[in-house]
Amino acid sequence: MRRPASSYTLSASVNKPKMTSQITIVEPAKTTSDNEFVVEKLCDTLSKSFATAEDLFKRLNDLRHNNERSPSRQRGSLYHRRDSSSDGLNLDPRRDSFHRWSSRSRSRGRMDEDAEEFYKSRMRMAHTYDKHYNKYGDEMARGDLAAQNELQSQIIFQQQGIIAAYNIVSSPSPRRGDILYHLDQLRINTRTARSMAIDALEALTRRIRAQTRRSPSPAVGGLPYPEGDMDRIVIRSKSPGREGTLKTIQYDALSPPAYHLSPPHKPRSVGSDSTSSSLYCPYARDLQNDPHQPLSDDYKAEGNGQCPYCRFYIATSAGRSWEFSKIDGQDRKRGRGRQFMMSNRFVIKSHRDGGGYACLLCSKHRKADTGCKDVNALVEHIRREHSIGEIVDEVDIEEVD
Numbered sequence: 001m002r003r004p005a006s007s008y009t010l011s012a013s014v015n016k017p018k019m020t021s022q023i024t025i026v027e028p029a030k031t032t033s034d035n036e037f038v039v040e041k042l043c044d045t046l047s048k049s050f051a052t053a054e055d056l057f058k059r060l061n062d063l064r065h066n067n068e069r070s071p072s073r074q075r076g077s078l079y080h081r082r083d084s085s086s087d088g089l090n091l092d093p094r095r096d097s098f099h100r101w102s103s104r105s106r107s108r109g110r111m112d113e114d115a116e117e118f119y120k121s122r123m124r125m126a127h128t129y130d131k132h133y134n135k136y137g138d139e140m141a142r143g144d145l146a147a148q149n150e151l152q153s154q155i156i157f158q159q160q161g162i163i164a165a166y167n168i169v170s171s172p173s174p175r176r177g178d179i180l181y182h183l184d185q186l187r188i189n190t191r192t193a194r195s196m197a198i199d200a201l202e203a204l205t206r207r208i209r210a211q212t213r214r215s216p217s218p219a220v221g222g223l224p225y226p227e228g229d230m231d232r233i234v235i236r237s238k239s240p241g242r243e244g245t246l247k248t249i250q251y252d253a254l255s256p257p258a259y260h261l262s263p264p265h266k267p268r269s270v271g272s273d274s275t276s277s278s279l280y281c282p283y284a285r286d287l288q289n290d291p292h293q294p295l296s297d298d299y300k301a302e303g304n305g306q307c308p309y310c311r312f313y314i315a316t317s318a319g320r321s322w323e324f325s326k327i328d329g330q331d332r333k334r335g336r337g338r339q340f341m342m343s344n345r346f347v348i349k350s351h352r353d354g355g356g357y358a359c360l361l362c363s364k365h366r367k368a369d370t371g372c373k374d375v376n377a378l379v380e381h382i383r384r385e386h387s388i389g390e391i392v393d394e395v396d397i398e399e400v401d
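The numbers in UniProt numbering rise by one with no breaks, and the one at position 199 of the sequence shown is 199.
Capping the alpha-carbon separation at 27 Å, the derived lysine-lysine pairs in DSSO-like fashion look like this:
#1 326 x 373
#2 120 x 131
#3 120 x 135
#4 364 x 326
#5 135 x 373
#6 326 x 367
These are calculated hints, taken from the structure and not from any lab test. Note that the structure is predicted; figures quoted are calculated from it, not measured.
Generate coordinates for the entire structure from the input sequences, incorporating the hints supplied.
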């Protein structure tokens, strides 16, 4: 990783002033600026917590061995053997010594293997972060709020186990049961935190890829694809306090194709059970069934653009809409088309559970449903395949002058 995370040292003394030991407690990075590499610092912090957990694990294991060799436990063990031999077991001392050595050897082997888990956790965290940083650079290092929150929660989770284990290590006479419990907890907590943190990094890269795919190209300033001399799609964006600005973009590339989702069936309304059962995301169906329901805060300027139900990312922003030109009937003779504006709401209520879109106009007016891979394909499909009458009938597609 590119730079170390901040840390501080906590000194603690228990009962006697001479019994002073140190343990490094990592401090979560603070999110003070959008330009800080927050995710990078949090990954470093979590990796350091794995190293601290490994150190505590070894110290607890030493305590366990010392506890097993204590005189009181040896007396109990001898008493138990004498009692057992009186029942006629006739244990051979050399054979008994071999069994004790063999048991300790197996125990040390298991402990060495468990201790290696902490090292593997650090290496896997570093490998995952570095792999994605090499591809996405500072965008990966900064991350987003979702990734930052998840990594912070794993740091807190890991540190709770570290503090509890440190209290046992610092205790003058820890109980064997407590030692064994915290040995297990350190190992389990580290595995869990590692797994959740790596999942958070992988999810972050998926959001970065989605943002990259859906963000308008700076060279052209907008969306989507179309083709043809008279065919066009425009994007309108409004800024508070001034009139919207209109940009018309001509493209040569074809939009990704739409595809049929179901066999022919009778025309039915969008809100019917056959449509709502599986075609659209439940949140999209709620918007379809209630035209007055406001959009989730996730789609506001400060939101994350993710569906509150399926977490599918949709690149929307306040005042943004997609426009397209449609030539139909008499308009073709006049050589000009009619302009329509597709709102954010229409796009959001068209998405499917987990990704992709389905055409609401097909669901309402056609015998087969149509799926679209992205918004570009949805806009192009509606422009090409649906009549002006069908388009005008949709409340969230508006005709503009």
